[in-house]
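So the protein lines, in turn, are chains F and E. Take any residue in the first sequence, note its place counting from 1, add 545, and you have its number in the numbering used here. Take any residue in the second sequence, note its place counting from 1, add 25, and you have its number in the numbering used here.
Just so you know, not all the hints are guaranteed correct.
The list that follows gives simulated cross-link-like pairs (lysine-lysine, PhoX-like), each with its CA atoms no further than 25 angstroms apart [what the hints assert, rightly or not]:
1. E/K893 x F/K774
2. F/K792 x E/K721
3. E/K451 x F/K926
4. E/K69 x F/K1005
5. F/K792 x E/K198
6. E/K537 x F/K639
7. F/K931 x E/K536
8. E/K483 x F/K926
9. E/K536 x F/K926
10. F/K729 x E/K781
11. E/K781 x F/K763
12. F/K774 x E/K897
For the record, the hints were derived by calculation from the structure and aren't laboratory data. Computed from a prediction, not measured in an experiment: that's the story for all the values here.
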Amino acid sequence: MGLGALAIGSLIGCRSRSSDGTSNVLFDPAHPLAPKLPPFPGKAKAVIYLHMAGAPSQLELFDYKPVLMKLDGQDCPESLLEGKRFAFIRGVPKMLGPQAKFAQHGESRAWVSEHLPHFSTIVDEVSFLKAVTTDQFNHAPAQLLVHSGSPRLGRPSMGSWVTYGLGTENQNLPGFVVLTSGGKFPDAGKSVWGSGFLPSVYQGVQCRSEGDPVLFIKDPEGMDRDLRKASIDAINEINRKEYDEYKDPEILSRISQYEMAYRMQISVPEVMNINDEPDYIHEMYGTKPNVACFANNVLLARKLVEKGVRFVQLFDWGWDSHGTDANLAIDIGFINKCRQVDKSMTALILDLKQRGLLEETLVIWGGEFGRTPMQENREGKQNIFKGRDHHTEAFTIWMAGAGIKKGGSYGETDEIGYSTISGKVEPFDVQATILNQLGFDHEKFTYQFQGRPYRLTDVKGRVIDEILS
Amino acid sequence: MNFFLSKKIVLVITPIVAVIVFFVFSSHQSVVDFNTQVKPIFNKKCITCHGGVRRKSGFSLLFRADALAKNKSGKPAIIPGDPDHSEMIRRLTVNDPDERMPYKHEPLNKQEIDILKRWIRQGAKWGDHWAYVAVEAVDIPKVETGWTKNEIDNFIYEKLEQERLKPSTEADKPTLLRRAALDLIGMPPPEKIASQFLNDNTSRAYETLIDSLLASRHFGGKWAAMWLDLARYADTKGYERDDSRSIWHYRDWLINAFNQDKPYDKFLTEQIAGDLLPDPTDDQYVATAFHRNTMTNDEGGTDNEEFRTAAVLDRVNTTWQALMGTTFGCVQCHSHPYDPFTHEEYYKFMAFFNDTRDEDTYDDYPLIRHFTDSMHQKLNSLTHWLQENVSAEKAIEVNRFLRTWQPSINSLTADQFVNSELADTKFLIFRNHAVARLKHVDLENKNLLIYRYISWKKDGIWAIHLDKPDGPVIKIISPDTTSNWKITETEIPVGSGIHDIYFTYTNPHLKKAEDNGQQIDWFYFTEQFPGKGKQGYDGNKKIFWSLLTVQVPTTPVMMDNPTWMHRTTNVFERGNWLVKGDVVRPAVPHALNPMPKNAPNNRLGLAMWITSKENPLTARTMINRVWEQLFGTGLAETLEDLGTQGIPPTHKELMDWLSWKFMNDYKWSVKKLLKEIVMSSTYTQDSKLSSESLEKDPFNKFYERGARVRLSAEQVRDEGLCISGLLNEKMFGSSVFPYQPKGIWLSPWNGAYWQKSEGQDQYRRALYTYWKRTAPYPSMMTFDGTAREVCAARRIRTNTPLQALVTLNDSAYLEMARHFAYRMEKAGKDLKQQISAGYELALYKPIPVSTLSVLLKLYDQSLQKFKKDKDKTCEMIGENDQHNNPETAALVVVANALLNLDEVITKN
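All chains should be modelled from the sequences, with the hints used to inform the complete structure.
Quick look at the structure:
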């Protein structure tokens, strides 16, 4: 890439500057992913977001409610139902006590249930947000709200914002990688890692454990690496001649993209191959060979961050414990889901720590809403298995690393875990905090679109100082 | 040498002249222009605190009336004619930092204050933003040059001269051929058109080419593809479940409309209000699917009213965004800080769309039912019989009901459930001892109930009560059991007035409380089939029932509520649909043209308003869009926003001149408009950059050269299919499933999977590819396709390594390379001829020697490999047939490279 292209790149960037002077200058079409400095020094260089799609129950994991146990089986008081809307609960449901035993752990004396025996050993590394609320009680809109700041489709996801603002350290890998497990995509589909109105280059790149790790990364059968190298060289040589004739800087940009594509073809399969990791790491994470499972994805997330990927987004599907079948029962399937994530998410924190990466990697764990203290009675009938309905008024997420307080906890819910009583936060606040740790003021980090500046946190958001160290 | 010298002098003189001119004209007498001088200062320095949202001290600069009104202090800030006593000027110039405005920000500079003072002295006149003023006839600039071919060039040349730029020479014929074809039909030219043009040496050759392309049946495919982004067209409903939706008839309607050059005003009218035209045809109904491309949420537990409302808001935003280049969505939550639209006006506008029959139902009701020709004949004869024997009104009513099943009452509007529920929040379901209510049903003269239902258990007793759950029973029904949807009728006593209806249901066979007995989709209260005693009654009643119950394909359409179902519209406080404010009636914003005389106050009237020549936005928006399709950038870059926040047009007069012509001279003909533009010298210029142009006009804002733009996602695919000879030219029909890697579709609660189309359907044009909202076709997305969730007025082009990976490695493109190689083999006797032929197939011009040598080298390298490796040869060819030899395999590698050349994926 010549200097000319560089110069023109910055000029093109100016072109997308809108008339009133607000700028989208962070977008340089010639180098859309070049690393950029944040407005102020951030604690985090990278983010790993572990999203439990379907929304795990806070009442069986972190929000210990002995009073709810006593109310188990009783009719839900009218006062909790008046004027409320639920996804499936109709009429008067019964209260459902916690379906797990709880104990306090670590110096922070954090309550964690028996379902997360590994995680309970690292509670002093994380901060809990125990009074998170949302206003969306369906999965797709709620997931969109968590990741794009809007329950409707069309806004850029958090990872897109971050790669737009910071670029990526490793030009041979995508800047924003998405990994899914649990056999399904999250309910909101690919929109939760879409780029919305930001240029599409910032959309999350889905890396897969089965098939090509990145779509079309593998050379066609019959074409070996040498031949691919030869063909890209030929393409670029002809393109350079074309540049000599047309002098269009976009041609230089294309040449560099083909070179990068070639390098990605080597670096992506390398980083996506976990087989080279030592046995003790596999043991630590509880990986399984050659399947698309959460544990493998968590290990991949660590590898990707280590290689300079900016934002790694994991979705694990299957947490929607309504009690409509055994897999979705809070006392059966849910426990299996916990087993699938407990060891690996714990390993992630410990592994990042032992590599000195935890200080600069922000890890977030959570769902899109919580679960009701009542047992679900779909369409007014008791469900066959024990389950809980979607609940917007209180749920728990935890964060760790990159300037997050160790052993912290913020926010409280009432004695049955129905409503928040202090320290209430919304997804916007979590987003503001994530941006803050990366070095952005969420109110100033905007993109001009449809005549006005847009930001991830819409018109809301507050940095949750209470969990910052 | 002299030339350079004189140029330098010019460069020195220009600023001096400019300074003198400035001094002469900036004297106190010169009239201040609000839009270009005052408004920018307001927008930059004042409006954040004194605009639509925040009105600090009660002072707002949004409208003149606000700005001149008394604010909190009791005094007006601006006194027209008297800057010295205007508080605004005092506050801008005062020294006390607590008083001085902008508060805690840099003060305005002298020039800015001078402008504001003079503006107030001259009467503080408000000006309208250019895009909100009706289009007027524009004088064509006089220029002296032999370069111009039509008036467009006069406008362009005038600016070029001002900028001291020179237009480029005309591009060579192969380049023009490929450019015009990609622009007009969206793919390379059909062979016949290409050879005719390349062999035609007359002066009319180019015009003949343009005429053939405009007449080509492939024309509609290109322009429909553009419109699909605006219409947010997709083959699925969106949100979590993202189930399939059959709406491709709308896509076909678009292709036909563009091919037939349906005048743009008619084109818009049918899409906005086809259903309200007199005697609407099926096609006119299908056109209204434009606004049924909104998403429907099938996720269990969702509030149907919430998502109905979301769809209506989307219709409002899309209407403005797509048809009028305005970001109206901004005033959804509060009045616009920059443009002259108020919060209340948003909801008045919404009222045009809010009274429609759609209610986020699973089946996307209302639908047009696509009858076969013979069914249509039956329908026509039935309609005719009703006209003759009953009345014209009855004929219309029955005709509409058979074609749409409307206006029926969706069961999901039921409430007050006891032992009943909306199953999966979609259909009313009864269990034993069930009660449910239907609100506000018109029973006047009704003596028949037609309904669509499923009944799992026999002996169910379904009673209809008036007004109360234990109110008078007007009917007891025991429907036949059926496990599939069935439509049937039951007589009821003649009713009067509007009532709440209560259903009760018991069934002795329902043992458990949670067992379901019966489920209902919709209810239609009507009169018995009319014309009893008239000749042909029995036969026509039979036809009625056969047409009513026949299973036919459908398309979601727009349809208004009958009066008794009327839905009022409220302002949503701060945009929250749950917090309803004042009731509003349909109206258009004050800042724009008024509703045309005689326009009804409904969607049809709205369409008349949008397509009125007085509407300042409609023609300009389309001109800008067409220009962007041809030149890569609109005359105003922000296609989505012509308002004060958009980027102003580079050639406003040209935009207006074309808009005027489009409406008045071309009578809204898109083909005539396109011809005018592509016949201009501006369009036919060579697209090479010189170092001078790179410096002076790097983005080609002044059109000193032809446009050079990467192909769109659709064009990349269509071109590959054409070059390789694989393209299946078949048009229309349901969407197709070309090759897609495994694991792209994994929607929760939806067992759908990508079943690759058989045979030739794999090679259809890109616009026929099945579009799933939550998982669109991957290579389309990589090339900047939009997800079609909401209206996308513009695609932002990017240049990424992932794009390279698609055209290098995607199996679909490898297959193209193979067939391209076979085509090359046939086209030449020796290798050189073959590769040269390949290059010509792609670019219509002879291969440069240097390019040929690079490709020959690549061929040799490949051949050496394949000669040594039978397996790799076999893999490269992919099938064990007559092509399975090292030579062909090597040619596939060359073909793959050709398909990846910048020249090939770029429009030169």
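Taking the hints in turn, this is what the structure says about them:
| no. | hint | in the structure |
| --- | --- | --- |
| 1 | E/K893 x F/K774 | 18 angstroms, holds |
| 2 | F/K792 x E/K721 | 14 angstroms, holds |
| 3 | E/K451 x F/K926 | 17 angstroms, holds |
| 4 | E/K69 x F/K1005 | 23 angstroms, holds |
| 5 | F/K792 x E/K198 | 20 angstroms, holds |
| 6 | E/K537 x F/K639 | 19 angstroms, holds |
| 7 | F/K931 x E/K536 | 23 angstroms, holds |
| 8 | E/K483 x F/K926 | 22 angstroms, holds |
| 9 | E/K536 x F/K926 | 14 angstroms, holds |
| 10 | F/K729 x E/K781 | 20 angstroms, holds |
| 11 | E/K781 x F/K763 | 21 angstroms, holds |
| 12 | F/K774 x E/K897 | 16 angstroms, holds |
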